[in-house]
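Visitor: Sequence:
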Amino acid sequence: MDFYRRMEQVMQRIPYGKAATYGQLALLCGCPRNARQAGYALRRNRAGASAPAHRVVNANGILSGAGAFAFPDLQKRLLEAEGIRVEQTEKGYRVDLEKFGWKNTMEEAEALLALYRKLGI
DNA sequence: GCACTGACGCGGG
DNA sequence: TCCCGCGCCAGTG
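Note that this note's numbering numbers the first sequence so that position 5 is 273, with each residue one more than the last.
Hint data in this document are derived by calculation from the structure and do not stem from the laboratory. Treat the hints with care, since some could be wrong.
[Unchecked claim] Under the rule of at most 20 Å between Cα atoms (straight-line distance), these lysine to aspartate or glutamate pairs were calculated in the EDC-like manner:
id, residue 1, residue 2
1, Lys-286, Glu-350
2, Lys-386, Asp-270
3, Lys-386, Glu-376
4, Lys-286, Glu-276
5, Lys-367, Glu-350
6, Lys-371, Glu-350
7, Lys-286, Glu-348
8, Lys-371, Glu-276
9, Lys-286, Glu-355
10, Lys-286, Asp-341
11, Lys-286, Asp-364
12, Lys-386, Glu-375
13, Lys-367, Glu-348
14, Lys-386, Glu-276
15, Lys-359, Glu-378
16, Lys-286, Glu-366
17, Lys-367, Glu-355
18, Lys-286, Glu-376
19, Lys-359, Glu-348
20, Lys-286, Glu-375
[Stated by the list, open to error] Beta-carbon label-pair distances, calculated as ranges:
id, residue 1, residue 2, range
21, Leu-342, Ala-382, 32 to 42 Å
22, Phe-339, Glu-375, 36 to 46 Å
23, Glu-348, Glu-378, 25 to 35 Å
24, Ala-349, Arg-281, 13 to 23 Å
For each residue, glycine too, the CB sits at the ideal point set by N, CA and C.
Given these sequences and hints, build the entire structure.
Guide: Dropping the structure here:
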């Protein structure tokens, strides 16, 4: 499935110091309904070991994947190392997507689609 | 081929 | 507002 190869490309484009959501990644892969697969891809390291998996959170900004890291607060620490403020809530660690969320421009989305065509994925 | 699972998201009550 | 339930679909056994 080229979904994972697309995921790889999208992951590489998440800017330093920004966080993206699962749904957002799925959307940028051209599969708006594959938010679950986005998470699955990360859990199984399908997006490549070099992919910044710590920059991916759910739609609410919660670090739902924290448990999949070697240490529970590893993701939190990686994010903070990039200047992203992580606050602790009843629901768990959370980032402010208003401030640190990756805002995609239409140009970026189109550039990705062009890239997929070029790579044939 | 079938059933179950999940680092998700959204609408309805 | 909170919670529940359903849709989603590739992997896995």
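Visitor: Within 32 to 42 Å: is that where the Cβ-Cβ distance between Leu-342 and Ala-382 falls?
Guide: Holds - the Cβ-Cβ distance for Leu-342 and Ala-382, about 35 Å, lies within 32 to 42 Å.
Visitor: Straight-line Cα separation of Lys-359 and Glu-348 no greater than 20 Å?
Guide: Judged against 20 Å, a Cα distance of about 18 Å means the pair holds.
Visitor: Are the Cα positions of Lys-386 and Glu-276 separated by 20 Å at most?
Guide: Holds: Lys-386 and Glu-276 sit about 15 Å apart, inside 20 Å.
Visitor: Determine whether the Cβ-Cβ distance between Phe-339 and Glu-375 falls within the hinted range of 36 to 46 Å.
Guide: The hinted range 36 to 46 Å holds for Phe-339 and Glu-375, with Cβ atoms some 38 Å apart.
Visitor: Holds or violated: Lys-286 and Glu-375, Cα atoms, limit 20 Å.
Guide: holds, 18 Å
Visitor: Under the criterion that the straight-line Cα-Cα distance not exceed 20 Å, is the pair Lys-286, Asp-364 satisfied?
Guide: The given pair, whose Cα atoms are some 10 Å apart, holds under the 20 Å limit.
Visitor: Just to be careful, I want the Cα atoms of Lys-367 and Glu-348 compared with a cutoff of 20 Å; is the pair within it?
Guide: holds, 13 Å
Visitor: Sort out whether Glu-276 lies within 20 Å of Lys-286, counting only the CA atoms.
Guide: holds, 17 Å
Visitor: Compare the distance between the alpha carbons of Lys-386 and Glu-376 with 20 Å, and conclude whether the hinted pair is satisfied.
Guide: Given pair Lys-386, Glu-376 holds - Cα atoms ~15 Å apart, limit 20 Å.
Visitor: Holds or violated: Lys-286 with Glu-350, Cα cutoff 20 Å?
Guide: holds, 8 Å
Visitor: Take a quick look at whether Lys-286 and Glu-348 sit within 20 Å of each other, Cα to Cα.
Guide: holds, 11 Å
Visitor: Lys-371 and Glu-350: Cα distance at most 20 Å?
Guide: holds, 17 Å
Of the numbered hints given earlier, the model fails hint 15 alone.
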